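Protein chains in written order, with my numbering: chain A, 10 to 173; chain B, 4 to 797; chain C, 11 to 292.
Errors might be hidden in some of the hints.
Said to hold, decoys possible - Once the Cα atoms are required to be at most 27 Å apart in a straight line, the calculated DSS-like pairs of lysine-lysine come out as:
1) 411/B x 502/B
2) 456/B x 287/C
3) 287/C x 667/B
4) 795/B x 153/C
5) 411/B x 109/A
6) 643/B x 627/B
If you are wondering where the hints come from, they were derived from the structure by calculation, not from laboratory data.
Computed from a prediction, not measured in an experiment: that's the story for all the values here.
Here's the letter readout for the chains.
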Amino acid sequence: MPDSIDIPPVVVTATVNGERVSRAVEPRMNLVDFLREELELTGSHIGCEHGVCGACTVRVDGTIVRGCLMLAVQADGAEVLTIEGLSESGEIADLQENFKTRNAAQCGFCTPGMLMTAAELLAENPGAGRTEIRQHISGNFCRCTGYQAIVDAIEETGRNRGEK
Amino acid sequence: MADSPVVTVHDRPNSYIGRSVPRPNVQRLLHGRGTFTDDIKLPRMVHAAYLRSPFAHADIKSINADAAKAAPGVAGVFTGKEIAELCEPWVGVLSHLEGMRSPPQYPMAIDRARWQGEPVVAVVAETRAQAEDAVELVEVDWAELPAACDMTAALDADAPVIHEEYGNNLCWERIVDEGDVDAAFDQAAVVVEDEFTFGRHTGVTLEPRAIISSWDPSEEQLTVYMSTQGPHMLQAIFAKHFGLEEHRVRVICKDVGGAFGIKVHTYGDEIATAALTMLLKRPVKFIPDRMESFTADIHARHHTIKARMAVAEDGKILAIDFDDLTGIGPYSMYPRSSGIEINQVLNLTGGPYTIENYRARGRVVFQNKPLMCQYRAVGHPIATAMQEALVDHAAQALGMDVVEIREKNLVPDDAYPTKSITGMPFDKLSHHAAKDKLLGMVDYAGLRADQEKARESGIYRGIGFACMIEVTSPSPMFYGVGGAPISAQDGVTLRLDAKGNLIVASGVTEQGQGAEAVLSQVAATAVGVTPDKIKIITGDTEITPYGGGTWASRGTGIAGEAAAQAGHALRDQVLEVAGIMLQSEPRKLDIRDNAVVDADTGNERISLAEVGRVVYYRADTLPKDYQSELIATRHHVPKKFPFAFTNGIHCSHVEVDVDTGVVKLLNYWVVEDCGTVINPLLVEEQVRGGVIQGIGGALYEECLYSDEGQLLNGNLADYLVPMAAEMPDIQVGHVTSPNSDSELGAKGAGEGGTGGAPAAILNAVNDALLPLGARLTVNPMTPERVLRALGKTE
Amino acid sequence: MKPAPFNYAKPSSVDEAISLLDGDATLLAGGQSLVATLNMRLSAPDLLVDINGLEELSGISVDGGTVRIGALTRHRELERSEVIAAQAPLIAEAVPLIAHPAIRNRGTVGGSIAFADPAAELPACLLALDGAVEIAGSGGRRKVGAGEFFRGLYDTALEDGELITAIEVPAAAGNQRFAVEEVARRHGDYGMAGVMASVTVNGETVEAARLVYIAAGGTPMLAEGAGAALAGNAIDEASIGAAQSALEGDLDPFDDMNSTAATKLHLARVMTERALKRIAGA
């Protein structure tokens, strides 16, 4: 392993939540650490750092990724959307409202990743049924809820979008 | 004082009790604007990482940290010995668990490490990555020792003794012997016997434990930001072991990303992190990563039990006799001890039934594995699964239906108050009503018909029931009586501000279960305001009333009641001053929807905002001999009963793929009686989440160890937690038997799901496999174990 | 945990990438396995060579009877590809079983083949379809058949300094039948057992069957004995039973945390029956 002080920082310039940002970071820094530590966007959470729990899920160039399985340097030139940006855009206001009314968030630690994942499914297939919803979110660990309220909230959002 | 008519929260107009209102504090979490401990940065903050023992049992011959100290960004490297110089060790025993022993435990290993994962060296650096880099540079000269890992073998005469002064690895033993068990077994028509094994598992809070410690040497003030369930308990512990006065320790708990009993203990790495800030005089953050969490967080549940049940011809349970053994790691956890889990098994088994003869032995042994302690539904899943599996086994032996045998033995609903054979006093339970309600939700006859039909085409479905009791809202008899700094009481302060808003502060904490929603609903109801006028403050020892925190399903039952009483007191204060302002008798006034109204007509007389304005800004307009108060604090502690027991019944419907051993969860029903339901929406998803954690234990979760005490699956890819795709929808029903120890009448609802699910699923799987002659008595029921029971693999 | 320090390079051509692979360098494609091992400090290279900018490595095309899938093609592209659905239905059926959407959005075909996890679906599909791996190195480009590519546990025909540029599989023919059967503890987990079956039929009769098993040995395991037992026969109880019996000789599973070797063999037989019955019923 090389000594960390011998490794030059790499400049990452990306558009995060619509804002162009530039930081010099260690190559080893993961995207989610970059978002949390460098940009202080703490809505994306760290639950496992090995790509399993889904708490760090963010959108990069239009698709969801694990923020812990992508390096910050790989986001150079990319469009990154975190829960903060997704919320402010209003894109998932209906989903958030249904999460609230169905009590689909308890401790809230998985919630940003869960919303990111659900948003992708709803954009692609708002008519997804419960089985499909369950499979789609099966890479997002929630320890608090019974998942049922989350499935309810996603299903309800899709149904309402379909009716519009 | 005002002499307004006595009204309980249940009589209040515009009541929010029993209403499914959304949680007031959920919005920030939905927008990524929560503040979890790891989200906090303090000026000059540095990051800790711990070198942990790679061995289950080993002597530390020497530590060379020179290279680590010289590594980039490193602020300090400290051994267990250096940390111990600042901090008194602790002993994790409770005096009421008679005979329990455990030696002094230090924050970090000093000369010897006793489990894989025990912290050994603390490294602090500018970033967590640099701290981890430096950890790799620390050289420890280890001398590996023979380890006592297997909990059963740990009591063997030739087992390595972990604490030599004790002569063996026994931590505690308790025997219960009531009635005449031998005679009952002699008279029995049927005796069934099983040997049960429950796998060791752990809590896996999605947010790991988290702490930032900050020492201000100028004021000798320790501030600790922490993801915890018990801020005041931690305050007491930090103070005691660092020799500080309690008011010199402030524990701040912001959003907590799940706890489940994992975050209510004294972890060496957290205590050491407090020592590190004192040594460095800079804030120190420590967040164990996921893999660390698997060996550093408490584990729970690992029990092996030999059990038998004596049953009469008519299905009456005559006696239960069992011998339970559990391994708790090398120390009893402080301050709750590691004896409570088995104590609960001994106390709770058989609780739903009328049983006159009962014998149980529980043994707690030291072993070289991570410490075990109280995790959600402490002891309940084990007691309930053993008891309910024996009941099903007995029914099968008698050729009796599994519902019928339960009906025969459940304590009658009109028998309360009563006591269990183990001396547990029950206020009011509703086993029969709950069972009837459940049978109204489940088409039992239809499921049985479907089961028979499916078997013809080689599809094996099963139905499993579990009746249970649950300990909630404990009195000081749980911990306080044993000498632990754990408060059974909790307080709520209500303050009306100058604009008529209600500021509510409580000693309980919010971990997502909805404590703040409950406080808001109760306070809103008791005072007469709308929930949007309420701001809740929890999780700060400096500004909230003293209390135990949130664990053992106590938040609603205890702090909820305190909120009700504080609400009455504040209402009286408001009506008193309003009476003066309005020249009316307070008892003729009421508060409804943020205004003082005529009690009879409901007509508004004056808004709360106006009351606030006058009291705070224009007290000159009030009588000179009168001093108004718009703040009230009330505390509540359970007095009539040591615990507010609740009851429930679960039903699981499964399909077992007898070729792959995979258990598919088709449906699930629960009826629970948690007394007054404050918010059905929250209670129901609590129950569901609890069931899912119980399913984890039943089907997936187990800490797998090598013979040498190495954790084999200490990551989230290999340690399997329940995920959405496999989980069933869960129907929840309620029966309401109010808690007679409080006006609110609420009991806890946080753990029953977890307590009952393993039993229901075990019975459902065995019911499915019954025609094939296979029977499982092990959790988790992995495909491997199912296939083994079916004789399809060796 | 955070990764140990490493240097980072992002080449703009395959040749540049190859030149960077000198020394203690590791190729970064989708990173869905690699970054996790870096985070766990199970791997600590001096240099990561990020090939994500090499667009020439992406994409799916059909040329004659061959489907060519660029190494940087993401799993999600396979999942959504009409070409794959029509021309490589075995892959189309297998891909949704790989992990979860956020992983499939990043994970690449080349990465999966190069990592060669014996429980992974894509290596097994490649072998079942008797495909080939296109490799570039300093000595030029070469093509290696799937049968020669997977050598042992996480060991492939890739030499130091080489990278995968694409895989090729024959387009599905009208007389070919495919089925994927897998049993996993949870949706998206690596399977405890599974078969990727490619069966060529002539009417009711099996001409050739390539049954490849995951989690049944150090590599994806082609069951030659089972294939031979099926060839020349209709798929029926007898031939299925013969194929199942042959698996003991074909497969070499080992114990892991979830199951013993014996259980895996049992499960492989169960998967065999399910796959073949589906094929026979189709």
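Quick rundown of the hints versus the structure:
Straight-line distance between C-alpha atoms of residue 411/B and residue 502/B comes to about 59 Å, which puts the hinted pair past the 27 Å bound. For the proposed pair residue 456/B and residue 287/C, the alpha carbon gap of about 23 Å is at most 27 Å, so the pair holds. Annotation: proposed proximity of residue 287/C to residue 667/B holds, straight-line Cα distance about 22 Å (limit 27 Å). Pair hint residue 795/B plus residue 153/C does not hold up; C-alpha atoms about 43 Å apart against a cutoff of 27 Å.
Pair hint residue 411/B plus residue 109/A does not hold up; C-alpha atoms about 43 Å apart against a cutoff of 27 Å. Between residue 643/B and residue 627/B, the direct Cα distance comes to roughly 43 Å. Violation of the 27 Å bound is thereby established for this hinted pair.
The structure fails hints 1, 4, 5, 6 (numbered hints given earlier, in ascending order).
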